[in-house]
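In the order they appear, the protein sequences are chains A and B.
Taking my numbering, the leading residue of the first sequence gets 3, the next gets one more, and so forth.
Taking my numbering, the leading residue of the second sequence gets 5, the next gets one more, and so forth.
Hints are computed from structural coordinates only; laboratory data are not their basis.
Keep in mind that the hints are not guaranteed to be accurate.
Simulated DEER-style distance windows between Cβ atoms [as the list claims (entries may be wrong)]:
| id | chain 1 | residue 1 | chain 2 | residue 2 | range |
| --- | --- | --- | --- | --- | --- |
| 1 | B | G150 | A | S66 | 17 to 25 Å |
| 2 | B | M158 | A | R51 | 51 to 59 Å |
| 3 | B | E52 | A | I166 | 46 to 54 Å |
| 4 | A | I291 | B | N134 | 51 to 59 Å |
| 5 | B | D89 | A | I108 | 40 to 48 Å |
| 6 | A | A224 | B | K197 | 37 to 45 Å |
Please read all numbers here as calculations on a predicted model, not as lab measurements.
C-beta: ideal position from N, C-alpha, C; glycine also.
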Amino acid sequence: MNGFTLKLRAVLAALVICLGAATLDVSTAVAQSAQPAAPAAAHEEVLFRYLQTQGSGNLVGRVSIPDHKAATLIQPGGREFQETWRGPMKWIAAVAIIGMIVLVGIFYAVKGPIRTTSGYAGRLIKRFRGIDVFAHWLTAVSFVVLAITGLNITFGRYLLLPLIGAEAFTSWSEAAKVAHNFMGFPFTLGVLLMFVLFLKDNIFDKTDLRWFAQGGGMIGHAHPPARKFNGGQKIVYWATVFGGGALAVTGFILMFPFQIVTSIDGMQLALQLHGIIAFLMIALIIGHIYLGSIGMEGAFRAMWSGKVDLNWAKEHHPLWVEEIMNPTRKDSSLPAGAKGAGAD
Amino acid sequence: MARMKFLCDADRCIECNACVTACKNEHEVPWGINRRRVVTINDGKPGERSISMACMHCTDAPCAAVCPVDCFYTTADGVVLHSKDLCIGCGYCFYACPFGAPQYPRLGNFGSRGKMDKCTYCAGGPEADNTPAEYAKYGANRLAEGKLPLCAEMCSTKALLAGDGDIIAQIYAERVSTRGYGSGAWGWRTAYKDMVAG
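Chain A on its own, in the form it takes in the complex (with noise of 0.2 Å):
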């Protein structure tokens, strides 16, 4: 058989050669003088070579159907798409959350909780208005259900399907994936309420260099300066400013398939960018919402009553609180309520 398939080749390959006047134009690309030459026949292996030197290497045709996704027989990308899903991706998420928690763990068996050290002062002090404590509640709690329906997406036929059977977790799942997509527009709207809220305190400054030079003062007991954010703070605002709005968007592609972006390479891409910005940010939330409840001492209050302690803010946030206690500073902005040093 093998002999045999050799000796067709060999016959068609003179064929083809003989059959070279004929031009032969692929509907997805038009053959460049700097590109090789299209096939001279429509041979499927000759095509399937000379589509793989060509963009999207999809073998794109003409039907009567009104369907334009039905027009590509053949996408190869589905392979490759099938191998990045199986491989590359869930080894990403595994070693990035798993890599986290253990990451908090260790933190947490060695060092403990960061304790207030001069003990809590007794008064209170307005650190958040109640719009911006909305703000990081309706994103928090959009994002928990987005990453655990999402999670599901990815891990849930290898963990959770054997526990509970076929049929409850087609249920669940079917479940899960309208919360996926209507969570979704509270958790942009969110991101897009914290963008607008905490930009003016997140802008990177000298403060923040010297915070990351210390560590941010997690490796000893070094507390670096910070205004109302300190630098770790900071990356978390920004990741999720950009890494909820990457989300966001591809999200949206993901819900309108072929409507927002027309290309199943296109689509491919959106759900690849989709699962994979998201497990990012699904590890740095772990590390987030460890240091804003058992990892700190008085974090917790912060963003639940809007107010925190003052001697925590003195030895966390030192430069913000002399900004808010004493009005005549430059770029300070009083919060409602706060009185001035003097009147201590």
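Given the structure of chain A, go ahead and fit chain B onto it with the hints provided.
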């Protein structure tokens, strides 16, 4: 056991679309869904060829690999089928499919594509063979009756071949050697990671 495959001899296909019509009629496929279609390459130019394409029932099927709910399965005959009871209509199989086979009853706004539908190789679905429930969801189960897919069976020029992969590859190889030319087994490289004579 046979390893069922499709092979379209593009040098014989006359783009009559009878396979498309036969498929729609046999399985009562709803409007807007095309389990099989004919694509014309180089339309109106020298070297024009038409190829009838449907689900190729791939080896190591990409759709099955990316399905979040694992609703695909491969039969002993190598036919790739899926369960509409388990499908959540996420659309991932369409992104992975090299042949554009998965079809959805709705457009897909807010993820409401409905249950995926595709060529079953006339082999029905997970329900008991030739039951009304199976017919309603997946169409006829000709394989259970000892028949091959209707599209290939009624192809007037016998361009579309269905059956055991080795046998249809041999038939095609014989044709190519007899007539002296052939344009290859379209999609075989991608679907079966395998080439056929010609």
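Flag every earlier hint the structure violates by its number, smallest first. When the structure is compared with the hints, numbers 1, 2, 6 turn out to be violated.
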